[in-house]
Every structure is written in C-alpha cells, then in structure tokens.
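So the chains spell out like this:
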Amino acid sequence: MTSQPSLKTSGILGALVLVLALAACAEREPPDPPQPVQVRDAWSRPAAIGTTGVAYITLENTDTADVHLTRVISTVATRAELHETMDSQGMSHMEPRPDVLVAHGATIAMRPGGLHIMLVELTRALAVGDTVPLSLRFADGRAVRALAIVRAN
Amino acid sequence: MRRIRRRTTALVSLALLAMGCEGGPLRGVAYDPPKPLPVFEFTRANGAALSTKPAKDDLMVFFFGYTHCPDVCPTTLSDWKRVKARLGSDSARVQFVFVTVDPERDTPEVAQQYASQFDPSFIGVSGDSATTAQIQQAFGVASIRDAGAVDSAASAEYLVSHSSQSFVVDGEGRLVSMYSFGSGWDALLDDLRRML
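Just so you know, the protein sequences line up as chains A and B, in that order.
Quick note on numbering: the first sequence equals residues 0 to 152 in numbering that gives the first Met the number 0.
Quick note on numbering: the second sequence equals residues 0 to 195 in numbering that gives the first Met the number 0.
Just so you know, not all the hints are guaranteed correct.
[Said to hold, decoys possible] Here are some, though not all, of the chain B residues that point toward chain A, as calculated from beta-carbon distances under 10 angstroms:
1. 67
2. 68
3. 72
4. 74
5. 93
6. 163
For the record, the hints were derived by calculation from the structure and aren't laboratory data.
Cβ coordinates follow ideal geometry from the N, Cα and C atoms, glycine included.
Work out the full structure, taking the sequences as your base and the hints as a guide.
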C-alpha cells in the first residue's frame with residue numbers, strides 16, 4: 000500500500016522550502032548593518048541668504064561605545080558650528096562646543112534655547128519645506144548624513 | 000430638586016472660576032505698578048518714524064536681539080508669529096517690534112528684513128548707539144559682544160549675549176509685563192488677550 004503525503008505534511012514541506020528560499024535570498028543580499036548612530040527629527044528654520052541659520056537634530060547612539068560628534072558640514076552654509084545657548088539670569092549667550100558626546104545607549108536632543116547647529120553665512124535662502132543637507136562627522140571617523148526639514152516652528 | 004440645586008452650584012462655581020481667571024495674575028512677570036517709559040523714536044527702513052509709545056488702547060511687544068542670532072531670536076519671533084495668528088483680528092491692535100542690540104551690523108534695512116521674514120507686519124528697528132543704549136536701559140535690557148565666540152580670524156563675526164525676554168507696553172507707554180525665553184508663547188498670548 001502506497002502512502003500519500005497528508006495535507007499537513009505538504010504544508011510543512013512548503014513552509015520549509017519558503018524559509019530556505021528566503022534564507023538563500025538573505026545570503027545573496029545581506030541587509031545593511033544597523034546604523035549605530037541614528038539621526039531623528041532634523042529640522043531648521045526659514046532664513047535669508049547670507050544670514051545665520053540653525054539646525055536641530057536628535058542623535059541616538061545604539062552602539063556599545065560612546066561617540067563624539069565633532070563636526071557638521073552643510074552645503075547651505077559657509078560653515079556649521081556646534082553651539083549651546085546658555086541662559087543666566089535672563090541673559091542669553093552661546094557657547095561654542097568643540098564636540099558633542101553621545102554616550103552609548105543615550106539620546107541627545109538639540110532644541111531651541113539649548114544645543115544647536117549654527118549655520119554661518121547661508122549660501123541660499125531657507126524657506127518652509129526646503130531641506131538642509133547635513134553631514135555629521137564623528138571622532139571615530141564615521142560620517143552620518145541627515146536632511147533637516149525647514150519649518151516655521 | 001436636589002439635581003437642580005447641584006446644577007446651580009456647578010454653574011455658580013464655573014462663573015466664579017471664570018471671574019477668578021479674568022482677575023487673576025498675569026502669566027508673565029507683571030510690573031506692579033506698571034513702569035512708565037521714556038518715548039523713543041526710530042527711523043524705519045522705509046523712512047517712517049516709529050514711536051515706542053503705542054496708540055491709546057493698543058499694545059506693543061518688544062524684543063531686543065540681533066540678526067546674526069541663530070537660536071533665541073528666531074525662536075522668539077517664531078513664537079510671536081503663533082501669538083499673532085491666534086489673536087485673530089485683535090492682532091491689529093498689537094505691534095510686534097524687534098529692536099537690534101547690534102546696530103553696527105544691523106542697519107534699519109537689515110533689522111526690518113529680519114523681522115519681516117517671520118511676519119510682514121513685524122517691525123524691525125535699529126537706532127544709533129546712544130538710542131540703543133538708552134532704550135535698553137529703560138527696559139532693563141543688557142547686551143555685550145562676545146569676543147572670539149565665533150571664528151576669531153574673521154573680525155566681522157561675533158556673537159552677542161543679550162537679554163532674552165519679551166516685553167509688553169500698554170497704550171499709556173508703560174511697561175506692564177515681561178516674558179522670559181522659554182516661558183511659552185501661550186503665556187504671552189493669554190496675557191495679550193486679557194489686556195486688549
């Protein structure tokens with residue numbers, strides 16, 4: 000007596016074939032390694048050409064090591080600098096920051112009235128809806144790109 | 000009967016609460032009594048004169064900053080834009096005035112362009128150094144140029160530390176309230192609504 004494979008067995012075999020096929024695909028096209036430093040909520044404000052602009056980003060470090068953001072480059076400004084607004088008894092002033100430490104597992108959120116990227120001498124006007132390319136350079140040599148959206152608030 | 004009494008009590012409580020809100024303290028820092036100010040006159044970029052005393056029953060909101068300021072100044076003027084939008088038609092009775100503390104770089108044209116990029120109705124003015132010093136003193140505002148805070152090789156580039164509050168002046172030319180940076184645009188909005 001010849002035994003026919005049951006429906007259940009065929010189902011299991013089918014699933015196995017699918018899993019193997021997917022595994023083969025995965026082997027051929029390995030996914031991008033997860034970026035250990037994530038940039039989120041990048042935004043900027045409208046500003047006229049030749050004036051000073053600003054960008055705010057949130058940096059999340061999912062790596063096991065600390066990272067130091069040391070430099071920002073943007074094609075919309077002559078140069079970009081890391082600054083922090085400090086407020087003392089109603090007086091506001093800006094402190095240049097040589098770098099920004101993002102400890103492993105930590106998130107640093109730049110915000111108005113705090114840490115920010117100053118875009119010195121804008122080479123083009125920024126209007127609501129525009130994008131500002133940012134290249135973030137870290138002390139370990141890695142570079143992360145981000146696009147900041149220009150919005151009013 | 001009990002339900003009616005309960006409803007009446009609730010209505011009275013609501014009315015009292017509303018009255019309390021109406022007569023309660025401002026959300027900003029109030030000048031008590033309001034501080035009379037000298038009247039200053041600026042020549043605007045278009046040649047018109049701007050008096051710092053509002054028309055009777057109108058209000059003026061002042062901020063002292065500079066156009067190379069990337070963070071606090073644009074944040075404040077963006078907040079003003081929100082305030083103005085929410086005031087609706089009442090905004091016609093409020094003038095928002097940006098006064099530069101950096102008249103060397105900010106000409107009247109530059110100051111006006113800067114203010115206008117946030118809202119066409121916003122006024123930007125730049126006075127001579129004596130007027131700038133006097134109006135700052137009248138408002139209790141300070142500013143100081145930070146040497147070498149930006150690339151020290153470029154002498155034309157410098158940052159300025161400055162007071163970061165917004166001020167409201169009433170129709171009698173008196174300083175009535177002050178709003179610290181970060182105190183929230185809605186505080187200014189609520190108080191302007193009450194004062195108008």
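Verification of the supplied hints:
no.: 1; hint: 67; in the structure: holds, 5 angstroms
no.: 2; hint: 68; in the structure: holds, 7 angstroms
no.: 3; hint: 72; in the structure: holds, 9 angstroms
no.: 4; hint: 74; in the structure: holds, 4 angstroms
no.: 5; hint: 93; in the structure: violated, 19 angstroms
no.: 6; hint: 163; in the structure: holds, 4 angstroms
Consistency with the previously given hints fails for number 5 only.
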